[in-house]
Amino acid sequence: MMINSAEVLFYILGLMTLIAGVGVVAMQNPIYSALCLVMTMIGISGLFFTLEAYFVAGVQLIVYAGAVTVLFVMVVMLFDLRKEVSSALGGGINTAAKAVGVGIILGLILSAISLSKLGTSTMPLKGLGASSIKEVAVQLFTKYIFGFEIISVLLLLVVVGAVGLARSRGGTHA
Amino acid sequence: MGRDTFEITVNVVKMLVVFLMMVQMVPILVWLERRGSAFIQHRFGPNRVGPLGLTQLLADAVKFICKEEFLPQKAVALLYYGAPVVALVPAALALASIPFSTPVEVSPFEMLGQAWGPYTFYIQGFHMNVGIIYILGVSSLGAYSLLMAGWGSSNKYSLMGALRASAQMISYELALGLAIVAVVLLYGTFDLAEMVSAQKGPLTFHMFSREYVVSVLPNWGIFFQPLGFVLFFTSVFAESNRLPFDLAESEGELVAGFHTEYGGFKMLLFFMGEYGHMMVSSSLLAIFYFGGHHIPFLTEASVHDWALSLAGQETTVASIITSLVFLASFLVKVALFLWFFIWVRWTLPRFRYDHLMDLGWKTMLPWSIFNIILTAVILFLAQGLVL
Amino acid sequence: MLEVGINHYLILSAALFCIGLVGVLLRKNALVILMCIELMLNGVNLSFVAFGYYYSNLNGFIIVFFVMTVAACEAAVGLALAVAILKRFKEINIKNFELLKG
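Protein chains in written order, with my numbering: chain B, 1 to 174; chain E, 175 to 561; chain P, 562 to 663.
No lab work stands behind these hints, which were simulated from the structure alone. From the three backbone atoms N, C-alpha and C, an ideal C-beta is built for every residue, glycine too. Please note that a few of the clues may not be correct.
[As the list claims (entries may be wrong)] DEER-style ranges, computed between Cβ atoms: (1) E:Lys330 with B:Ala112: 48 to 54 angstroms; (2) B:Val159 with E:Arg526: 22 to 28 angstroms; (3) E:Val191 with B:Leu108: 51 to 57 angstroms; (4) E:Met334 with B:Thr95: 35 to 41 angstroms; (5) P:Lys648 with B:Leu156: 22 to 28 angstroms; (6) E:Phe439 with B:Ala112: 52 to 58 angstroms; (7) P:Lys648 with E:Val551: 19 to 25 angstroms; (8) E:Glu284 with B:Ala6: 47 to 53 angstroms; (9) P:Lys648 with E:Gly375: 56 to 62 angstroms; (10) E:His529 with B:Phe146: 38 to 44 angstroms; (11) B:Gln139 with P:Asn654: 43 to 49 angstroms.
[Stated by the list, open to error] Okay, derived cross-link-like pairs now, EDC-like style, lysine to aspartate or glutamate, Cα gap no bigger than 20 angstroms in a straight line: (12) E:Lys374 with E:Asp479; (13) B:Lys117 with P:Glu564; (14) E:Lys248 with E:Asp234; (15) B:Lys98 with P:Glu659; (16) B:Lys134 with E:Glu385.
The whole structure should be built from the sequences, with the hints applied where relevant.
What follows is the structure, given as structure tokens:
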């Protein structure tokens, strides 16, 4: 396992994730945006692997990269959106103001990170590997049990709601 | 990857061998498919090129490579050329984390005037402690090759075929994942090597904290999870787009589905990906339900002793012989399942699309959830009603 | 600079978040806006896991499950709404849906 070369892996994966993220925003055609989103998800999963969160990385691959983004790509491919490609970014003072605003927010966050004493204090915990899955499960079913049950109700609601929203009159079968 | 040069070299060679193994199994599988289907259909298959027609696919590969390589006029080049690659990569990644055999223990030895220490080499590409989650995640990335091929071909029928096929794949991933959840509940670990080592010995049932040993049967997973085996077996057909679930290719219905506009070497890469998925699925079937590399009624220790007597008490060579014996056992099981895949393909008719989606959502999903609940209840009872 | 500490992961997470924010503010296609919201949520997930790893705190990993589940739900409902709008209005440029204005 790539524990010793985690730094090199972080830079490579981080660069790939950032470039794919910029690709999501900047690409004109929504299909390319969706495929760049897939690359971002895979890059973030790789970063979770370097952070020794193996279970979360696998779940990110299964749930995000394997299901949610497939849904996005399928919806974008089903509706041919080439007409909307030209109206991707409007020009003018509105756009510039929004970009400057986001730049200010980014600057504030970065200065907060660098001025704080976060990076200097702790050593990462070694051995937060396979045994952590069991501990995560124990915590999930004892301390966070209420959130867990609420999330399952939320999933049920979303399934019923999504089917109800996207249904066509008369249904698909006779 | 390793502490010193020898270990790193052996690990890199191991990964290459695993990848090449996947690529080289394809000619054998295609030969098996063509001859096997021919015998099922009461005709001869290709039997002219080489003995028994074994080098037919060599001739086919030369033909594919020499074919004209074209790009349809309105096709999107990046997606069109990238789709076969994306079909091949997830299968190769998933095959790399499957344990094929017992680990090889190398005792310290002398070479080139330097003492190389004791090593343990696992017979897999790399050792993952969350093996099954990783395999599930990487296999679900195979849906993108279909979508990229369907869109990149700029062809209405390809797009329809690709959308139907990817909808089928993500629907059956649910039943697959839930069947795997039941197996993980049973063995209590995500690590595939540990699941294999939990299946050794004779069949042992625990009920109310007493043990019942049935010594004529091995301790394989299929005796604990029969319903799960049926569900998993059906889902992997849908995952690798094999008949009876092959709406993606549906020869004769959708022209040729998502790979209509592909010819020559690119189509060969698609089939390599499909056979790679088949190999991963067969290996998972062998590991979860048929004891992995274990041979019934033989323990690893007895095989190791036999190998020691054969090798003149040298532990390194004995360890290698033991690994080879168990590797052969594992490959026999995988070959059996691959033959099942081919057999079912030429026996059952294809599902209609709405029947297929109904089966996936309305039948397999409830039965998978029932399987999990049943497994959990029985495991709870087995430890003696202690909370 | 070469030794990777928590600051590296936090800076990457902030960059991803702000790229997603730029996308939400500037793009006009409703589906791309949904994709950029997913990007923001992923940036936040990364920072949670980084804190969980470097401070040996399991809560980081657990909250990621909840965030991932809620994000998947929201993507599903958002896509269902987008499909319904597309079927009805045949376009998805959000400039045409400023119905509460004026």
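The hints, checked one at a time:
In this structure the hint that E:Lys330 and B:Ala112 lie 48 to 54 angstroms apart at CB holds, the actual value being about 52 angstroms. Distance hint check: the CB atoms of B:Val159 and E:Arg526 are about 24 angstroms apart, consistent with the given range 22 to 28 angstroms. Checking the proposed 51 to 57 angstroms range against E:Val191 and B:Leu108 shows it holds: the Cβ atoms sit about 52 angstroms from each other. A C-beta distance of roughly 38 angstroms is found between E:Met334 and B:Thr95, which places it inside the suggested range of 35 to 41 angstroms.
About 25 angstroms separates the C-beta atoms of P:Lys648 and B:Leu156, a value consistent with the hinted range of 22 to 28 angstroms. In this structure the supplied range 52 to 58 angstroms holds for E:Phe439 paired with B:Ala112, their Cβ-Cβ distance being about 53 angstroms. Checked against the hint of 19 to 25 angstroms, the C-beta distance between P:Lys648 and E:Val551 comes to roughly 45 angstroms, which is inconsistent with it. Against the hinted window of 47 to 53 angstroms, the Cβ-Cβ separation of E:Glu284 and B:Ala6 comes to about 34 angstroms, which falls outside the hint.
Under the hint 56 to 62 angstroms, the C-beta atoms of P:Lys648 and E:Gly375, about 60 angstroms apart, fit the expected range. Roughly 41 angstroms separates the CB atoms of E:His529 and B:Phe146, a value that falls within the hinted 38 to 44 angstroms. For the pair B:Gln139 and P:Asn654, the beta carbons lie near 45 angstroms from each other, so the given range of 43 to 49 angstroms is met. This hinted pair checks out: E:Lys374 and E:Asp479 have alpha carbons roughly 17 angstroms apart, not beyond 20 angstroms.
At most 20 angstroms may separate the alpha-carbon atoms for a hinted pair to count; B:Lys117 and P:Glu564 meet this at roughly 16 angstroms. Between E:Lys248 and E:Asp234 the alpha-carbon distance is near 29 angstroms, which puts this suggested pair outside the 20 angstroms criterion. As the CA atoms of B:Lys98 and P:Glu659 are separated by approximately 18 angstroms, the hinted pair is consistent with the 20 angstroms bound. Annotation: proposed proximity of B:Lys134 to E:Glu385 is violated, straight-line Cα distance about 26 angstroms (limit 20 angstroms).
When the structure is compared with the earlier hints, violations turn up for hints 7, 8, 14 and 16 and for no others.
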